[in-house]
Amino acid sequence: MVRGCNIKIIAILSIVILTCAINTLNAAWWEKKDIPLPAGAEEARQETRRIGGSELTFTYYATSQENAGSIKSFYRLRLPDLGWKEKELIKDLQQMPNMQVNSGLKNALEQNLMFEKGTDLLIINFMPEGAFNDGKTRFAIARGKMDLKALPSDEKKLMPELLTKPKREVSPVYPDAKLVNLSEEDNSSQASYYTKDDIESVSKFYKEKMPGFGWALAEEKPVKETVNTANNLDMAKYCPNCPKDANLDTASIKTKITELDFSNNKGDSCGIVISSQSSAQAQGSLFGSMTIILVNYEGKKG
Amino acid sequence: MFTYFHNRKLKYNKGQLAPFFIVIMVAIVIMAMVTVNLSKVALTKTESANAADSGALAAGSIMANVFNSIAKQNAQMEFQYWTFFTSVSVSFTVAVGALAVAAATACSLYGACAGDVAANIAWWTMLAIIIAVEAFNIAQNYTLQIIKEKIGVEGRKSAIKAGHQFVFINSGIGSKLKEGSQRDDFKNFMNGISHLPTYTYSWQDGQGRAHSVTSTVNIEEVDKFDMQATLLPALSILALVGTAIGLTTIAIPILHMLCLCSSIVTCPALPACGGAVAALIGSITALASAWAGISPTGAIIEDSSSGALSAIASMWIYAWIDDIDHDRKVEVRTNQHHGGTDLGLWTAQYPDTYSSSRVDFTGNGKIHPPKLRFDSSIEAVDFP
Chain A
1 MVRGCNIKII
11 AILSIVILTC
21 AINTLNAAWW
31 EKKDIPLPAG
41 AEEARQETRR
51 IGGSELTFTY
61 YATSQENAGS
71 IKSFYRLRLP
81 DLGWKEKELI
91 KDLQQMPNMQ
101 VNSGLKNALE
111 QNLMFEKGTD
121 LLIINFMPEG
131 AFNDGKTRFA
141 IARGKMDLKA
151 LPSDEKKLMP
161 ELLTKPKREV
171 SPVYPDAKLV
181 NLSEEDNSSQ
191 ASYYTKDDIE
201 SVSKFYKEKM
211 PGFGWALAEE
221 KPVKETVNTA
231 NNLDMAKYCP
241 NCPKDANLDT
251 ASIKTKITEL
261 DFSNNKGDSC
271 GIVISSQSSA
281 QAQGSLFGSM
291 TIILVNYEGK
301 KG
Chain B
1001 MFTYFHNRKL
1011 KYNKGQLAPF
1021 FIVIMVAIVI
1031 MAMVTVNLSK
1041 VALTKTESAN
1051 AADSGALAAG
1061 SIMANVFNSI
1071 AKQNAQMEFQ
1081 YWTFFTSVSV
1091 SFTVAVGALA
1101 VAAATACSLY
1111 GACAGDVAAN
1121 IAWWTMLAII
1131 IAVEAFNIAQ
1141 NYTLQIIKEK
1151 IGVEGRKSAI
1161 KAGHQFVFIN
1171 SGIGSKLKEG
1181 SQRDDFKNFM
1191 NGISHLPTYT
1201 YSWQDGQGRA
1211 HSVTSTVNIE
1221 EVDKFDMQAT
1231 LLPALSILAL
1241 VGTAIGLTTI
1251 AIPILHMLCL
1261 CSSIVTCPAL
1271 PACGGAVAAL
1281 IGSITALASA
1291 WAGISPTGAI
1301 IEDSSSGALS
1311 AIASMWIYAW
1321 IDDIDHDRKV
1331 EVRTNQHHGG
1341 TDLGLWTAQY
1351 PDTYSSSRVD
1361 FTGNGKIHPP
1371 KLRFDSSIEA
1381 VDFP
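Sequence lines, in order, name chains A and B. Taken in order, the first sequence gives residues 1 to 302; the numbers are from my numbering. Taken in order, the second sequence gives residues 1001 to 1384; the numbers are from my numbering.
Hints were generated in silico from the structure; no laboratory data involved. Do not take every clue at face value.
[To be verified] The list that follows gives simulated cross-link-like pairs (lysine-lysine, DSSO-like), each with its CA atoms no further than 30 Å apart:
#, chain 1, residue 1, chain 2, residue 2
1, B, K1366, B, K1150
2, B, K1072, A, K266
3, B, K1371, A, K167
4, A, K165, B, K1224
5, B, K1371, A, K221
6, B, K1176, A, K301
7, A, K209, A, K145
8, A, K221, A, K178
9, A, K224, B, K1366
10, A, K301, B, K1040
11, A, K301, B, K1366
12, A, K178, A, K204
13, A, K91, A, K178
14, A, K117, A, K106
15, B, K1224, B, K1040
16, A, K300, B, K1040
17, A, K87, A, K106
18, A, K196, A, K117
19, A, K145, A, K196
20, B, K1150, A, K256
21, B, K1224, A, K300
22, A, K301, B, K1224
23, B, K1150, A, K300
24, A, K300, B, K1366
25, A, K136, B, K1176
26, B, K1366, A, K221
27, A, K178, A, K72
28, A, K224, B, K1176
29, A, K72, A, K91
Looking at chain B on its own, in the form it has when it is part of the complex (with noise of 0.2 Å):
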């Protein structure tokens, strides 16, 4: 064709400019046809990238929820911490008190009783302890389990849940669905999507073509708590104050003998008063050493249990939560698989598009002192 016009381009003036066009119009209609080719792949990536950051965000904005609210309950936990230190504080002054009117009157024979009367203030007020060391000691590690399955567990999976479902949202296929069934079947997956960390939800558009949108998103369960503990567990605390108990009861009948002879001059019982002088100062050392025991200067102690209480006795008083033992992040992924597409000249096939996002957050991860401070921000994009 073109040799042909060459020889006669003298002779022939018309047509001239049609070939130039018709290669000119195929080359536009190529490059209009990758251009269509490389807009959809941008335009997959652009929303893979934002459902990648909304699911991040999202499941971010719940476990920073979740940080806020144990710190909030370790406030509380910290005020039943600073009750209950003053009440037994308090009951071991006032029975050293007692225990020292009554050795220091115990030997005297008009004095007695006032060291009768003191000890048993003593021997009640010792009793007071048990029952609180017994009482906070359950009620602190009822309170742990309660933060670690209502709002570390329970947080954890709404965090999951909503971290697919903003991804889902976003990823654009409610836009590429049909009418009718397509659409009744996604919202049908959105309402099954829980806490397992991967999700696919795969369809076909009219053209019989394979489409697809993977999400996982990863959190680290929240179970390992560092624990501020007391300096001795409650076990020896418990039995400290058992054998001061134990010993002023060998010295209350003594002083009470002594109490009832105080009229008569001569007393068979008064020297029995050493013993009973000996056994109050023993009962004075337990319960010091006891109150020591009850002092917030204890190990940090990994908690990792879970489930019942059980040997409580046995298990350290809880006074609050230090810290927790996680990473603070919240890591999305997402995986958008869509099929080629024949423009007759030939088929496009579009290249899987991968997006991530990582979320962590402010507060440097303490959670004592409580305060109400986590909140979540994008630290990475597109990582491997």
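Okay, chain A solo, but in the shape it has when bound (with noise of 0.2 Å):
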């Protein structure tokens, strides 16, 4: 009798931790396939992003199998029985007195579809069609938090800045400065910060600090200022669907550019390029002056 009871509560047990089991498995699952995929795509890179104080996620696809009309459609079918809502920018923004959805705008909303899940965002974009030639459909999917009761306090929080970090640390990188795009290869890597200040203060800090890192400067190019206005003759020639209100005549923008060659004993090379520039019509806000700084470096071949 007690050996029979002791074999009904192991029989019992084994069936809640295998049912247990089986609902963690399950649940893993259905979170990877949250954001289901289709046919033929391949992902290309992924890499994390901070836009407008949120951070998104940005996985890059590529499909031969599909046309971005398909995946359009493969998309408003599944993900509202995830959960998803999709964010129709269109008709709110068509609502709005005023408000002229012109072919330019209705086709810049279309390239992009926009789905929300409480707080969670997800924007999926497509290249568009042809561009490349290749036969391949391109798409992006961008997921994250963003939160409409509150902003962080901390402005270094709301900067802009791409969140995924070099593999190789080949330079030093200037103080308080934002990595905004990264293009990493085998033998060669490209990145590119931004900053607040001039371009004479980060041109001095590369010459003083590259040597740490085992690099000698090679040459120096001179400074280079130009001013250039924007054309509302450009406007009208390449965008004729564009505002014709918008006066860019009175938009001027000061660069100043320079280039720092570095070389090493090992044969490798890396290039600096520091570009400022500042706009008299938003002086005084960080639009007003900034400076991007390109750091290029490639290995010795062979």
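Two chains, two separate frames, one set of hints: put the complex together.
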């Protein structure tokens, strides 16, 4: 009798444990399947960016089996079943008084599907069809949380930044400079940063700190300065659907640019381009003055 | 002699073959000399033709690598454009969505705070677009300069150098030189070959006769690139986003005041909400134009710039290299001059021998879409 009860208890416990395991595995599978992928989609890259104070993970895909239209239909069909709701920006904008949703704006919004699930945000962006002329459809999925109740008070948590860091540290990073873009290959890399400081301070920093990374200055190009004004004729010529009332002739930008070329005893080279741009119309704001730093590393070939 | 033998032919039977033998021997010797002369000319022509073909194929192989390397770098430029387009597009969508929320709640007393936050999200998002456009413009232009200088210019120089070297190596010069100073001299000459269009090597043989081999390699410069650019120049895009930022900057303090007022029944700032909405709508319109401006449907721009980066802000944003304005040909011409030979009976003169070889490339000469497909093959020989 006692032996029979023990067997029953063991059987019940086994069933409970097995059920829990199945549910856990099932949940994990469904979590991965939260964002399904269309047929033939191959992941090309993944990176994380901070945009508008929110962290968004970008995953880039390419497929030769589906076109943009069928992929849009795929996600409009599947995502609502997973709790996502499409945000129809065109309809929202059309309800605004004095808002003209022209073909340019409509086309722009149709290239990007936007879905929400609570504070979760999902944007699916499509490259224009046939842009690369190789028969593949390219799209990217950006996912993150966006909270409209409050913004971080620390400005550093609002500043745009590429949060995926370089695998290889080839040069010092200017203090408080934010990474914007990154491309890494086996024997080369290119990283872009931005800072509010002026071109002279950035140039001085790299000339002082690069030797600590084994680099010697091979050539310094003198700072070139130019002033350029945006032209309404460009707009009329190249973008006939763009608004005519944007008075671009008053928009002028002063550019200062210099280049520092470094080399090391292994035969590698590192070019640093420092470009500072300032707008008279936006002085005093971050947009008023900004310096871009491009670090281009090339390992010795062969 | 013949008359003597003719008159005595019935009585004298000895030595009648000798004159014929002498005549025939003389003829044979002359024919042998002519054959040797012609063989030498034929050999020179063969060496010259081989030299031209070898030089053209050597230079052509390097140029094929140049175009394949450019195609590979172009694939990187394309990918960088894709990530740039995506990040700007997502930023644009977030900004428009936030601006739409701000505009919809601006005149709502209790929804103004969400509008305040949304407008600030839009502002920071548009800043991300400005930074992305500036950084990408500089990076693509720098990559193009590197492609031109390190691959195009240096690759072409290497191809010309290799073309000359293979011409001289295959011209049969080495077998004609004496061991010692002549061979050392030739070795030094070969080490000094660079990327000039023409080189000539001259020497004298043991009989004091002058010889020379000239090599000419012709490859067009790789300096004119047809670029796929964005619809609008960089400056116009920056100006449009700047306009959008400026308009949002006008709306933000109004929305903030409305948010602070939201607990008060009557709010003196409420009439200003119409101005805030108009500014936000203007911002959305300018932003949409800026987004349209980054699309890769712009003109094909010819870029023949070189050297340091300059006037970045006014330049086009390059998406990728559409093609290179280049004839995709390598032409090698070679000329051999050899001094005449004293054959004893006369001095044989050898004519100068000219050969040429032209190589072209498969892949129909297109760089875009980028593929490793350039391969050199001889197209024509001995052209004028």
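Hints not upheld, ascending by number: Violated: hints 4, 5, 6, 7, 9, 10, 13, 15, 16, 18, 25, 26, 27, 28.
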